[in-house]
Each structure stands twice: as structure tokens, then as C-alpha cells.
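Number of protein chains: 2
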Amino acid sequence: MTAEIISVGTELLLGEVVNTDAQYISRCLADLGIDCYFVTAVGDNKSRLRQTVRTALERSDLVILSGGLGPTSDDITKAAVCEEMGLETYLDERQIERIAAHFKRQNKEMTENNRAQAILPVGCTVFDNDWGTACGFGYEKGGKHIILLPGPPRELQPMVDNCLLPYLKKLSGDVLVTHDVNIFGIGESKIAEMLGDITSSENPTVALYCGDGEVRARVAAKAETEKEADEICKPMMDKICDILGKNVYGVDAESLQKTVVTMLNKAKKSVSTAESCTGGLVAKRITAVSGSSEVFELGVVSYSGRIKNEVLGVDNQVIAKLGTVSGPVARMMAEGVRQKANADFGIATTGVAGSSFEGKPTGLVFVALSDGEKVFMRRLNLGRSSNEREYIRHIASSHALDMLRLYLCGDDEFLGGGMTDEEADKNYEV
Amino acid sequence: MTAEIISVGTELLLGEVVNTDAQYISRCLADLGIDCYFVTAVGDNKSRLRQTVRTALERSDLVILSGGLGPTSDDITKAAVCEEMGLETYLDERQIERIAAHFKRQNKEMTENNRAQAILPVGCTVFDNDWGTACGFGYEKGGKHIILLPGPPRELQPMVDNCLLPYLKKLSGDVLVTHDVNIFGIGESKIAEMLGDITSSENPTVALYCGDGEVRARVAAKAETEKEADEICKPMMDKICDILGKNVYGVDAESLQKTVVTMLNKAKKSVSTAESCTGGLVAKRITAVSGSSEVFELGVVSYSGRIKNEVLGVDNQVIAKLGTVSGPVARMMAEGVRQKANADFGIATTGVAGSSFEGKPTGLVFVALSDGEKVFMRRLNLGRSSNEREYIRHIASSHALDMLRLYLCGDDEFLGGGMTDEEADKNYEV
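Chains as they are written, first to last, in my numbering: chain A, 15 to 444; chain B, 15 to 444.
Source of the hints: derived by calculation from the structure; they are not laboratory data. Just to be clear, a hint being listed does not mean it is correct.
The list makes no distinction among identical chains, and a pair is therefore deemed to hold if it is satisfied within one copy or across any two copies.
[Said to hold, decoys possible] Pairs of lysine-lysine residues, derived as BS3-like cross-links and limited to a Cα-Cα distance of at most 25 Å, are as follows:
#1 K253 / K204
#2 K118 / K374
#3 K253 / K241
#4 K204 / K118
#5 K260 / K248
#6 K374 / K241
#7 K122 / K204
#8 K260 / K122
#9 K60 / K236
#10 K122 / K374
#11 K158 / K236
#12 K118 / K260
#13 K241 / K354
#14 K282 / K388
#15 K236 / K184
#16 K248 / K183
#17 K253 / K354
Based on the provided sequences and hints, a complete structural model is requested.
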């Protein structure tokens, strides 16, 4: 079975957005072992869209379109496909209800043009949209399958996972199983070097994906049953975990913060955060995890020296001597917030995310973890190029979470051993 | 002149990388006012690539390819194009020298297959590559222009800026200017209805883009000069701003938080945040803006009733009576953090982002703004479906920022008028 993707939207042709939808769908096809030969982006123009659909249906068995399912007059995907394929349509009462309910939940009024979103080809498989008004669908005609999906990634991605994947699994024969090994703390090239010829294995395959300062090693195996495919993956995953050691923070883990919150829950321990350069991001990531209220009660964003002193008890003389971006300040922030919340751990960040500050370079960040007795520190140099504010903040917040993870693993050694306040101050003064 | 882009590389079809090259080239074309009608991604397969090039040359005046110019056997773009167009080639001695120098700078040896990268069509305009070995080129035949660019973004982007842009400027006439009107607080369908037939205007065009609970109305005009195009946009933008009123938070604004921080800076006012359900997101968004340290010193994430009471001074009796998700608690959080930081404003959020809590439904959020005298409140119902935690948090944080924006606009009326503590508690008890 060969597939192709058509992404609809003039914003793609103007370069206003990058085509992440096509990437998401491509990955899903690759995971299923379906060959995708073309991805075409076309604007909100019916004749060019029809031409593109026509060509696609001639050369591919499966055509997946995304975008142009909205309620406004420039949303023409459904009409173009139905006209091109000569499909009869009907008004789907169940979708009308779903759309009406969607508006009701938001205390908004449903407009007349939203009704058009419930018009569907007779005989299609409807894909419900849990995140918006536009439903998608799958349709088969003469052995060719055509799929329509909404454009906003927030709506498309769950629909791919919940509707498209099961739809396509029925069409395909073999089962493909994938597992991710989640890695933090070493870069892609280094990992590739450490894994060596593992990455040229054929079944299972091993591919590295990086993003947001993390790397995923994706292990994928094909077999007749899910169980067999799983058994092919298992030894490879063990091998990768073995080689990369403590840099592996999870297998099929949702996120670093999810891993940390789960570990805290299990250990019945709590954490509090004191943030300067990360400005609330560490707290935001922890509280993004369902169940975090069991392990997290207080986060302080202390964005000035005054607040670091008044709210967290950081010594003003230390600030005067070393500046707010220094190891001792990070240490005092961590211990200060820990005490304030009466938590088991305090984690803190202070650093330079914007332009050079206190004579310190962009990207210098101190991260501290205190358990009330010992303190653990990292000094990071995350400076890269211009416009890196969000990068530095994100990586710094990951290190804060990672230190807590390693502590909870009981791996003091990997963390460089705990220090007394005096040792920490001596080693991380600047 | 109409253009299209062909991105070459199997990694694009496997979803391993997102197609940022196409976005970069598209933007360049849009800036020049050249209409781009198609973007096609195709794999490293000569027959499918030739078929794609053939179709493109039939329907477009300008065809821009990227990727597949490397030294290995799967880099087939140049050969496919030359075969398809029947172009004669030669070995460019100047490029051989440039490639050799490139290797020398890196203390590496030039391999034989790198010489193939200096083979070019006779009569082409060569594009030097300052960042890698593959050179690009432009070629004209029978009024059709074909461009080849390298795939790695680090090599492609400077070549687009330094070589492609000047090459195309010579070919094109018109200039395209675009402006965004940034909108918060009303949905896409409602906006479309309010704007009516404005959205079918031809020059300027008006298009709506939505994401993250916001909408941008993009106004685009073509003319001979930038000044003329700007003059065509202006009345349309005024009209849109007029119709949508206070829901417009900016024109060509970077973000809601940037607008708010700029307004605070201008007014020399400061804000502090107290967050429950948004868990640090409001602080994170404010501190993402460069210059925010002038207007923001303290954010508190109070994720339990105990911390709300101990750190922010929320009355325990009110929590016992109404629960933490209630208007009075939001009000006390806002005023509590304002006093603690000695700031001009306090903004607070408390709500249900996860599963139903205190018998209150998912998506119920109270947002409060206090200026020390009066209090402003919003009660939001953001529940939609499952797995919506991040959505609720984001929209709630936008409302917190939006209330502050409206206050700074001096628009009490739009905010429903300020209330005394007693009024707020009465109206927003649950």
C-alpha cells in the first residue's frame, strides 16, 4: 500500500507555519510500515486542490488530507474532495449534537456556518474531534482510501492517534510495535557513537529523534502479532538502556516531569521550587502532570534580589558579593523554599537567559537541589546564539528535574555526591 | 510569476524531520510577492523526482528544489533535474577550489565523490555555499526558472538570503506587505461573522488564523512599492480594529504577554502573580518577555490550601466554606501576592484543570485582578473533553494577562467595572 499526504492551507505556502501536521502523519505511516511517497502542500484554492487530489488518487492507494475543514468560506477541503470524487453528502445529526455541545460547554453560541461542518459523505467512517468542531473521516472507493483531518495540530494529533491509527491498522497486515527509550544529559552524536552499529539493525530498527534537549531512541519491530514484535524489541531496549545507563530516564515515558512526579509519589516525598531565570517553567512542568498536587505545594518565582531575600531568605550580603547568578544564591533559594513549604526537597534555578547580566555570560545557569542536609549543584553553560532565551530556560528546567530524578534513584555518585553548604559555596561561587 | 517548491529527501516522508526549508523559501517568495501554489516533498528516488519536476515545470514559472545535493549515491537531485531538462554539464574549477578549501579549513581530506558536487549545468548562475560543500544554482530555459539549493537549513538559509533573494528580485515586479491584527476573547467563527464580506476582499486580502485560543487577522496587499502596499492595508486594518474593538490586543504584536509587559513598562507599574491551576504558566509567560524584570518581581505557585493560607494569607474559613476553587479565594490570592511583593497589581488563578475537584467541574476557573482598591473577576468554563489540562491552563493564563491589559487600557467598563471585596465575593462565590 502506498500513501501520500496533502496539506491544505495558504498559510503553509506563505511560510507562516511550518508543516508539523505532515510530519505527524508521516511518522504514523512509517510506524505502520506504509510507504509514503509524496507530501504536497496546496493553498485554499478549489481548482488547484482538486487537481492535487486527482493526481494523488491516480498514483496512491491512500490519500490523507489535513486542513481546510473549518467553518469559514476559505475552508474548502471537504467540498473539493466530494466534488472530485462525486460523493453524495448528508447532514450528520450526531455531529450537529457534538458541535452544539462543544459550544455549550464554552458558553458560546453555535453559528450557522458550524452546521456545515456536520455535512459528510454518505458511507464514510466518521472521526470525532474531541478538541474542536471539525470532524474528520475516512472513505473507501474502488480500493482507494481517502482521509480528511482537521488542520490545527491540537485537533489533528489526537485524531491521528485515536481514529486514523485504528482505521489504518485494519487495512495493513503486519503489526508494527514501537518503544521509546527516553534520554537526557547526552547529545545525539554522542549517543550514536555509544550505540555504534546498533543503529543499522533491521528488525528491530533503531532511530534517534532529538528535540528540546532530549533524545528518544525509537525501537521498532514488525511481526505477525503484537506479542512477537514486542519480544523482538525487548533485548534491543535492554541493550540500549545498559549502554546509556543513568542517562536513560524512562522507557515509553511521557515526559521527564511525569517520571519525576511518579517517583516522588512512590517515595511519598514532596518538592518545592524557587525559580529565577526559568520564571515558573519548572513549576509549570511539574503541575502539568496529573497527580502533582500530592507532591508539590509551593513554587516561588523570585525575579529580583529583593524577593530572593524577603521571600526565600537568601543572604543579602552574598547577593552583594557574588550577584544573584551564583551557586550560593541557588543553594539558599533551594533550601529557603524547601523550608518555607516544609517540603522534602527544594530545587532552584538562577541564571542568565537574556543578554549578559552582572557581567556573566548568556547561558550561565546554576541549578541546586537541597534535601535539608546536603546540597547538589550543577553549573550549566547553555549559551549558543542569538534568540536563545526559551532554549536556555527549557534546558535549565530539565536539569532541575533531572537532578531530582537522579537523587530519587538513590544515585548520589552520579550527581557528584552531596555537599555541605560550605563545600557548595566554595565550588560554585561563580 | 507563479512558483512551487520541491523538497527532496526520504527523511521528510518518514517524518524524521519537519520541513523548515520549505517554510524558509515560502517566506522569501511571499516577501517578494511571488505566488507559491505548491510545496511537494518527495523521496530520494529518481523516477518519482523526475515526475515531480516535470509536473512542476508544466504548471509553474519558477521551480525551487532543496536537498539531495550531497556527495553520496542517494543524492540525486542534480542528476534528475539535468536529465529531465536535457542539460549539458561541466566541471567547475572554481567550485573544486572552494570545496578543497572547505576541507582544508576543517583539516579533513576531500574525497573523490565531493568532486561530483562541482559538476554544474552549462550557463547556470552558481550559488556559493559558505557553510558546506554543495553549491546551488539558478538556471533559465524557455522562460522557466529552476533553482537548486542544499538541504541542511544551516546551508540553505544563508544561500536563500545571499543568492536566491537577489536572483529573484531581478525577476519580480510587485511587493507584498502583510500585517496582523491580534485578537483575544472571541472565536474564529464569531470573528468571521462580525467581519462579514471583509474576508472576501481581494487587495488587500484578509485571512483568519487561529491557535492557542487566539486569532490573527492577516491583512495582505500587493503594490509596486512597499509604501503603496502599506497604504492599501491601513484602512482595512483600521476597519477590523474598529469592528472588533477591545478584543484586539495588538497590531503585529509578538504575543499577549509582550503587549502586557510593554504596557506595564510604559505605565511604570508592576504585577505579581499567584497561581493555582495554571501552576506557574502566567509567570513563565511574563518572564519569557525580555525586559520583564522591570515589572515583575514575584510569582507564587500555591498548589494547596495550606500554602494559599500561609504564604498568601487566604482566609482558612473561606477555603473551608467555599473550597479553593472559588471567587473569594482568587480575590484573596491576587491581593495577597500584590501586598507580599508590594506591587501595583496582583493577578491570580484558581480552577480545575484536571479531573473534577471539590465537586466542581473540569474547566471551571476563577481569574482575579486586584489593584489594591478594587477587584476584577472572571469566571471561566473551559471544559471541553478529555486530556485538556494544558488547554485549560493556557487559556486561563491568557485571561489573566488579558484582564491586566484591559485594565491598563483604562477600560473598566469592558472589565465589568471594579468591585469591592464584598461585591466580588457575593457575585463569584461559586
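Checking each numbered hint in turn, tell me which of them this model violates, lowest number first.
Of the numbered hints given earlier, those the structure breaks are 6, 13 and 17, listed in rising order.
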